[in-house]
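Engineer: The chain contents come next:
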Amino acid sequence: MQTSKITVGMVLRHALMLLVLMIFLFPIYWMLVTSFKPAQEVLTRPPTFVFEPTFDNYRYAFEQADFTLFIRNTVVIAGLSTLLVISFGSLASYSFARYNPGDGHILFFILTTRMMPGIAVVMPFFLIFRDLGKTTFGQLFALGLDQIGALVVAYTVFNLPFAIWLMYSFFQDIPTELEHSARLDGYNRLQVFLRVVLPLAAPGIAVTAIFSLMFAWNEFLFGYILTRDAARTITVGVSGFQTQQGILWGPLAAAAVVCILPMLGVALVLQRYMVRGLTFGAVRG
Amino acid sequence: MATVKLQHLRKTYDRGKTWAVNDVSLEIANGEFMALLGPSGCGKSSTMRMIAGLEELTAGEIYFDERFMNRVPPRGRNVAMVFETYALYPTLNVYENLAFPLRSMGTPEAEIQKRIHDIVAILQAEDLLELKPANLSSGQSQLVGLGRALMRQPNVFIMDEPISHLDTRLRSRMRSYIKRLHIDLKYTMLYVTHDQEEAMALADRIAIMDVGNVVQIGTPQEIFHNPVNMYVAGFVGEPPMNFLECAAEHQNGSYHLTYKGSPVPLPTVAAALAQKQALPRDVVVAIRPFYIDAAHERSESHSLPAQVFVVEPMGDSTVISVNAAETRMQIVAPPEMRVKDGDHVWLALEPSRILLFDKQTGIRL
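Protein chains in written order, with my numbering: chain A, 1 to 285; chain B, 1001 to 1365.
Quick caveat, the hints were computed from the structure, so don't treat them as lab data. Take the hints with a grain of salt, since some may be wrong.
To be verified - Computed, partial: chain B to chain A, Cβ under 8 Å:
no.	residue
1	Ser1025
2	Met1081
3	Thr1107
4	Pro1108
Stated by the list, open to error - Far from chain B, by Cβ distances over 12 Å, these chain A residues were calculated:
no.	residue
5	Ile28
6	Pro38
7	Gly104
8	Gly138
9	Tyr187
10	Leu198
We put the CB at the ideal spot given by N, CA and C, even for glycine.
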């Protein structure tokens, strides 16, 4: 009797979990399915679940819509901005963790820059980059509109505060005795930072880098406003399938799949570290 | 190795609002083992960090031999240090931890290897080389910490509470180990501790600190038998010194000490003072637990009444805590002594072992 009761409970619980999972995963499933549907079956009513899969949509996305360029842009922009975020962010957060300049006021001020919505600054950004692009300096570093440098700078500026706060708590956790010991062992401050502190902060830096990458990869607003063709990013590319002739659902779904795959992969592989990094920051910050 | 000379060191924080070190002057001779002893917050760690260069001085001067060190960064001071928390680099294995101080000097790999093998042989830690610090016991960790400090020939060898995190048995083993190391290597050593027993056991000389000042500098014997004030007297020795607040009365040309009406013998050392009639009225009689005898019967010598509070048999001796009026005292008695809680006893203080302090100033008379 008792065993069968437990079994019923277990079945119910698993059924419930399955239901919830289906609700949550259905949009992704539908996107995946749509990306393989022939054009005439995308909007049929009732929707078809059985069809002959085709790669036409993917072919369209890469050949007609130049998705190769969008992916390359996004990789370069996300990679460069993450590199900058980590370089500046680790130095800044280390300083805050060890020397506390500004008695915490500067640190808080840095966080407040994250409190305004992106839409509030996108117009100033647009104007700044429009004018910057006309200067020699701006041309040298590709900082004009529809240029990669502009987005790198924009994402770096937007990501840096969060990165500083996240890494701050990691640096704070490193015992100062280790640094004292290394300084007595004959190393200068920069060597101590590079040889003792950084290796210990590596997990935290990795987590921060992943978040920075994800932000840059998934960002839409800045990419939409600041680029037109040459520097177009992948998310903006996906939205490009809303044309005046209507929405090209098939290629859009294919592009969306390509868009989410890398970050989904990263998230799956590193979820353990990322959760730790987040809770870590949450508790300490 | 070098002589370390500290002149009027001062360290304040918050723009002078709080101070950790008030005025410390100290000279550690070349090859000397000096202990810096004091309770937490007395400024001994700040003093040590200023010597190492990890903290800037507010005022004062530091010399290694005749060289002025105030502006020299830590890496230029050639100070080796053993940390309370071991401070081993977690990402490096034991071998790399030991090699770390030599790597900064660009020492050739072959030489590093030879030095490491010499050091591990001394420490008997050959089988630890491949391990990461996380896999070491606390005793092994400190052994490696010691080894890393021994890798080069330092001007000064500083140990900051090196064994206070170890368990009792290991602690006493490491203690004799450190002492032997000093005998063999003759480094100039500064040993920072709050444990008077460690300081007594190890050091050639002890500097006792209290609220940012050095109160007394002397050999363990001097500190133990001739403390300059009540603070030093109470800090050194286990079980600690007993203090009795007595009244000194001048009568018929001689002094009499009484504690709540009971006579207390006048210490031999105070006889000269008594001659000059220079005793204040309120004095504190201090005597170590070993120099008190307890008896069940009153007699000429056993004149101070007390009641037994607890008895702690230690095997080789018995520690008896008694209440003499409002003062709790401890006596170390021979193990044959038969007493139990609540017994009334009479105490005899050995006059030659009594120290006298001025109650107002705490200074030795």
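Engineer: With reference to the structure, classify each hint as holding or not holding.
Structural biologist: Okay, the hints, checked on the actual structure:
{"no.": "1", "hint": "Ser1025", "verdict": "violated (24 Å)"}
{"no.": "2", "hint": "Met1081", "verdict": "holds (5 Å)"}
{"no.": "3", "hint": "Thr1107", "verdict": "violated (10 Å)"}
{"no.": "4", "hint": "Pro1108", "verdict": "violated (16 Å)"}
{"no.": "5", "hint": "Ile28", "verdict": "holds (39 Å)"}
{"no.": "6", "hint": "Pro38", "verdict": "holds (55 Å)"}
{"no.": "7", "hint": "Gly104", "verdict": "holds (15 Å)"}
{"no.": "8", "hint": "Gly138", "verdict": "holds (41 Å)"}
{"no.": "9", "hint": "Tyr187", "verdict": "violated (5 Å)"}
{"no.": "10", "hint": "Leu198", "verdict": "violated (10 Å)"}
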